[in-house]
Amino acid sequence: MQPPLPLPLSTPNRNLVRLTLIRGISWTGFLGAIVFGIEVLGFELRTVPVISVIIAMGLINIITWWRLSRPRAVTNTEYLLQLLVEVAGLAMLFYFTGGATNPVISYYLVPVTIAAATLPWLYAWIVASAAMACYTFLMLFYDRVPEMSHGLMSPDISLHVLGMWLNFGLSAGLVTFFIYKMALALRRRDMALSRTRETVLRNEQVLAVATQAAGTAHELGTPLSTMAVLLSEMRHDAKGDPALEEDIDLLRQQVDTCKSRLQHLVENADRRRLAEPEVRPAEEWLRYLIQRWLVLRPDVTHRIESLGKRGSPELAVDTTLDQALMNLLNNAADANPNDILISLDWNHEEVIIDIRDHGPGVTMAIADQLGDTFVSTKSKGMGIGLFLTHATINRFGGGVSLYNHEEGGTLTEVKLPRALAGQTV
Numbered sequence: 006m007q008p009p010l011p012l013p014l015s016t017p018n019r020n021l022v023r024l025t026l027i028r029g030i031s032w033t034g035f036l037g038a039i040v041f042g043i044e045v046l047g048f049e050l051r052t053v054p055v056i057s058v059i060i061a062m063g064l065i066n067i068i069t070w071w072r073l074s075r076p077r078a079v080t081n082t083e084y085l086l087q088l089l090v091e092v093a094g095l096a097m098l099f100y101f102t103g104g105a106t107n108p109v110i111s112y113y114l115v116p117v118t119i120a121a122a123t124l125p126w127l128y129a130w131i132v133a134s135a136a137m138a139c140y141t142f143l144m145l146f147y148d149r150v151p152e153m154s155h156g157l158m159s160p161d162i163s164l165h166v167l168g169m170w171l172n173f174g175l176s177a178g179l180v181t182f183f184i185y186k187m188a189l190a191l192r193r194r195d196m197a198l199s200r201t202r203e204t205v206l207r208n209e210q211v212l213a214v215a216t217q218a219a220g221t222a223h224e225l226g227t228p229l230s231t232m233a234v235l236l237s238e239m240r241h242d243a244k245g246d247p248a249l250e251e252d253i254d255l256l257r258q259q260v261d262t263c264k265s266r267l268q269h270l271v272e273n274a275d276r277r278r279l280a281e282p283e284v285r286p287a288e289e290w291l292r293y294l295i296q297r298w299l300v301l302r303p304d305v306t307h308r309i310e311s312l313g314k315r316g317s318p319e320l321a322v323d324t325t326l327d328q329a330l331m332n333l334l335n336n337a338a339d340a341n342p343n344d345i346l347i348s349l350d351w352n353h354e355e356v357i358i359d360i361r362d363h364g365p366g367v368t369m370a371i372a373d374q375l376g377d378t379f380v381s382t383k384s385k386g387m388g389i390g391l392f393l394t395h396a397t398i399n400r401f402g403g404g405v406s407l408y409n410h411e412e413g414g415t416l417t418e419v420k421l422p423r424a425l426a427g428q429t430v
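Numbering (the working numbering), first residue to last: 6 to 430.
Rather than coming from a laboratory, the hints here were simulated on the basis of the structure. Glycine included, C-beta positions come from ideal geometry on N, C-alpha and C. Keep in mind that a hint or two might mislead.
[Stated by the list, open to error] Each computed SDA-like pair below joins lysine to any residue, with the alpha-carbon atoms no more than 20 Å apart: (1) 186 x 203; (2) 264 x 252; (3) 244 x 234; (4) 244 x 257.
[Claimed, not checked] Estimated spans, in silico, between C-beta atoms of each pair: (5) 134 x 51: 38 to 48 Å; (6) 230 x 77: 57 to 67 Å; (7) 125 x 299: 57 to 67 Å; (8) 250 x 413: 31 to 41 Å; (9) 54 x 121: 52 to 62 Å; (10) 341 x 189: 22 to 32 Å; (11) 130 x 105: 43 to 53 Å; (12) 33 x 134: 56 to 66 Å; (13) 51 x 81: 31 to 41 Å; (14) 130 x 171: 55 to 65 Å.
All chains should be built: construct the whole structure from the sequences, respecting the hints.
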């Protein structure tokens, strides 16, 4: 058996990873600015508490990285606490470096923006309120740094103005890059949820069709049995009339065929058989399936091409997948039974089966709906065949796409994941 793949990070996990990166970048920048201010510009700061705050935030970052390696998912509450720790750390740092007179004080907008982009409404307001409270506190209580008001390069450019400019550049860069990444993660999560809802809806439709089919099969059993009994009595009463006996025998044969097909339908619906697909060589399976199809469609002319050059891929298949591909082959034959091209190709991840016909093609108005709802390209069709075909192939982890070929006709592309060598299903 193939070892299980690690689960992908959830959206809160990814956001916490990015918050940790932001914290590492920003606090490293703070440390560099403080060292530059003390050693080059001669700032008179309380070095021990300032460096202690930076070291404490560094330790929190290390602990956060370790926590992200644990399998437990990050919750919104934990993410909120991380942002509140960031706000508190900034408050302590700013307290010892000029309070609200520190030009970097507007960096508080970064955690507020992150919270607004990634957290629920209430949590975002908690972070905003905490940042506003800290800002207000720092307007009244802080260690003064008089050197910040000194001119630099010219009397019109003070350290305070220059610091505000640098902080704006840092904040704008962090917000633009990381907030975009966080919003992108949220959009991808929404897309994944949308695909999941579509899959659930399709499965519900398939279940409804299957339930109705099972009920119909059960209901047909009684009239067929009644017909068989009546035909037996009629056969007995028709002795001596060869023509009538022949007609009754033909009717009895048709009734027996119907009963046999219903029995076959019930057997194929056995869940245990559907849960255990068989792993077979893709090319061998496809050629066997085409031979079965040609027995039902002797009017078809076709060609088979094998485009793959390396290896011999295998597929996990069962009777439902056989029927799904048979439906697509029948659609091609119904469009135009002449010169149907069936090609088989593969790469290291999937097997691609292309079916090209020379029919009228698919109108763009309904191309995107095929397989999602009961839409048919045939005047008397109900669309159930294509719908079930899409559902079956999606259940195997594959997909179906229909294109209008540039030279006319329809190109149906089926993609199925390769079964790994020695894989047990």
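Against the structure, the hints:
{"no.": "1", "hint": "186 x 203", "in the structure": "26 Å, violated"}
{"no.": "2", "hint": "264 x 252", "in the structure": "19 Å, holds"}
{"no.": "3", "hint": "244 x 234", "in the structure": "16 Å, holds"}
{"no.": "4", "hint": "244 x 257", "in the structure": "15 Å, holds"}
{"no.": "5", "hint": "134 x 51: 38 to 48 Å", "in the structure": "28 Å, violated"}
{"no.": "6", "hint": "230 x 77: 57 to 67 Å", "in the structure": "60 Å, holds"}
{"no.": "7", "hint": "125 x 299: 57 to 67 Å", "in the structure": "60 Å, holds"}
{"no.": "8", "hint": "250 x 413: 31 to 41 Å", "in the structure": "52 Å, violated"}
{"no.": "9", "hint": "54 x 121: 52 to 62 Å", "in the structure": "31 Å, violated"}
{"no.": "10", "hint": "341 x 189: 22 to 32 Å", "in the structure": "45 Å, violated"}
{"no.": "11", "hint": "130 x 105: 43 to 53 Å", "in the structure": "22 Å, violated"}
{"no.": "12", "hint": "33 x 134: 56 to 66 Å", "in the structure": "28 Å, violated"}
{"no.": "13", "hint": "51 x 81: 31 to 41 Å", "in the structure": "36 Å, holds"}
{"no.": "14", "hint": "130 x 171: 55 to 65 Å", "in the structure": "29 Å, violated"}
Hint compliance for this structure: hints 1, 5, 8, 9, 10, 11, 12, 14 are not met, and every other hint is.
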